[in-house]
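Engineer: Throw the hints in and build the complete structure from the sequences for me.
For the sequence shown, the numbering used here gives the first residue as 2, with consecutive numbering after it.
Derived by calculation from the structure, the hints in this document are not laboratory data.
Simulated restraints, written as ranges between beta carbons of each label pair:
id, residue 1, residue 2, range
1, A177, R95, 36 to 42 angstroms
2, R352, P230, 51 to 57 angstroms
3, L30, E185, 20 to 26 angstroms
4, L382, G312, 17 to 23 angstroms
5, A204, A399, 37 to 43 angstroms
6, L511, S464, 26 to 32 angstroms
7, R218, E116, 45 to 51 angstroms
All residues carry an ideal CB built from backbone N, CA and C; glycine is no exception.
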Amino acid sequence: MSGSGNPYGGVALRRGALAYLAGRAVSALLTFSAFTLAARVLPLDAYGTYMAALAAMETGLAFSTPGLDWVTARILPEYRMHAAGRAIVSVICRLAGIQMAFYSCAGMVLYFDAEQVASLLRMEAAAPVLSLAGAVLAVEGFGRLYREQMLGALMRQGAAQSAQVVRSGTLAFLLASDWFAGREIAALDAVRYELMAACGSTALGAVLLLRETWSLRHRVAPSGDWAPPRRKQLFKLAVNTYVSYLLAFAYGSQMLTLIVARILGADAAAVFGFSTNFSDQVRRYLPTDLLRSVIQPTLIAFFSRRRDFGGFMLRVGLWFKSSMVLLMPVVLYFIVFGGMGATLVGGERFREAGPIVALMLVAGGFAPLRRVVELSCNVVLATDLYVRWGFWLLAVPAVAVFLLTAGGSLTELIVLIIAAEAFFNFGIILALRRRGYPFELAWGGMLRLAAWYGVGVGALVWSGPLIRFDMPTSIAVCLLLGVVGTLVAKPLSAAEGTLVSDWSPRGARLLSRIPAA
2 MSGSGNPYGG
12 VALRRGALAY
22 LAGRAVSALL
32 TFSAFTLAAR
42 VLPLDAYGTY
52 MAALAAMETG
62 LAFSTPGLDW
72 VTARILPEYR
82 MHAAGRAIVS
92 VICRLAGIQM
102 AFYSCAGMVL
112 YFDAEQVASL
122 LRMEAAAPVL
132 SLAGAVLAVE
142 GFGRLYREQM
152 LGALMRQGAA
162 QSAQVVRSGT
172 LAFLLASDWF
182 AGREIAALDA
192 VRYELMAACG
202 STALGAVLLL
212 RETWSLRHRV
222 APSGDWAPPR
232 RKQLFKLAVN
242 TYVSYLLAFA
252 YGSQMLTLIV
262 ARILGADAAA
272 VFGFSTNFSD
282 QVRRYLPTDL
292 LRSVIQPTLI
302 AFFSRRRDFG
312 GFMLRVGLWF
322 KSSMVLLMPV
332 VLYFIVFGGM
342 GATLVGGERF
352 REAGPIVALM
362 LVAGGFAPLR
372 RVVELSCNVV
382 LATDLYVRWG
392 FWLLAVPAVA
402 VFLLTAGGSL
412 TELIVLIIAA
422 EAFFNFGIIL
432 ALRRRGYPFE
442 LAWGGMLRLA
452 AWYGVGVGAL
462 VWSGPLIRFD
472 MPTSIAVCLL
482 LGVVGTLVAK
492 PLSAAEGTLV
502 SDWSPRGARL
512 LSRIPAA
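Structural biologist: If you want it as structure tokens, here you go:
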């Protein structure tokens, strides 16, 4: 099944990964440019309003995704490998139609009830901005459906990334035109730009998805005794995933941004929104997010063929560790040089946000773990676990409100987020083990790497009064520490190194403790 005929085999994986990485490299530059430009062309209070509008939009998207994105991710690879073309097209149309109806309803609710939402946030002047965000919600929901769910699960990464580049490029171009002209814009202008970018991307994604379904319509099903997953299983998967989303959203960055905006005001929301937005930008370009559309269908296809949870976890562990190895130098930089980094990204107005950004990046370190935990639950259809553990996290927004109204700071709020993420992820890991699924990530190498970075932080803080670090020097030092630390700590286990050696023997020797051949 690894030949060229397998849409999720080695050849398809390499081809999809190359197309995906090429597109993401371009969209990464454009998205990050748009993020930094928005921080510069919007006044601080307008930036806070813009962040609140985006948070409201993401709230609507979270509530209007009834778990069907994971149903799509779970069954489309199976249908693509085993079903006839008409069956594939039929399931795509049904899943897309249901989700588009939900996105449309959510967009209309925000559009027509914007004044009530603005009053709830104590940001009455933001009602027009929130109303326009309702239109963005619907259009962006359609676009993510076409790009990330359908085209991604079908391993059409080039098509999906083309649509994403159009979105990122349009937004960056519109913001750059204001920055080069020396204009400051209002929050309404920024959301209008979001709508224009979403429209272009969604239109292209729809055309590309239609082309793909047209090419599949006459496909003949391979011989075999495959049967599609039962509807009862899929319904349970959708319900559990949706409930989990709602529970996770209750303490997610969007809800917490809205809480901060209501209690501490637009300026604090701007700092918190800037920190969470930057952390999200970093997270999106870690392998657990960056390669999700390529690797997740491949891992699901691997497990559906072999039913080998140990082999599945070995591959999941590599995916997780690749993200942590890349994230740690960024965390190190902002712990030691936070003010300098925040100024580089957001301008002088965000210099004091450096410590907040550093803490938010530490919290972001749990995002790769959450990705692999959720995927592991879904492939074994144990989605009830993250629903059960998610209910405990309903206390997070209540504690956050109490904390902030009692005079707590953003620092204390982020520490609360870190504690909640640790509780959630490790609780599910233990529950999976009790059910007979040995969730093992070979933590020894990661602990060695974390210890190395701890020494690096101490050395840089101690040398701060003795050595003057400018921007290029500070970045170079952190990158050097990251490279040397990874080579010294060797974060991969022997089994992971053996798997890596199949395609990179030298990389396996450098990153793991397998004996030299």
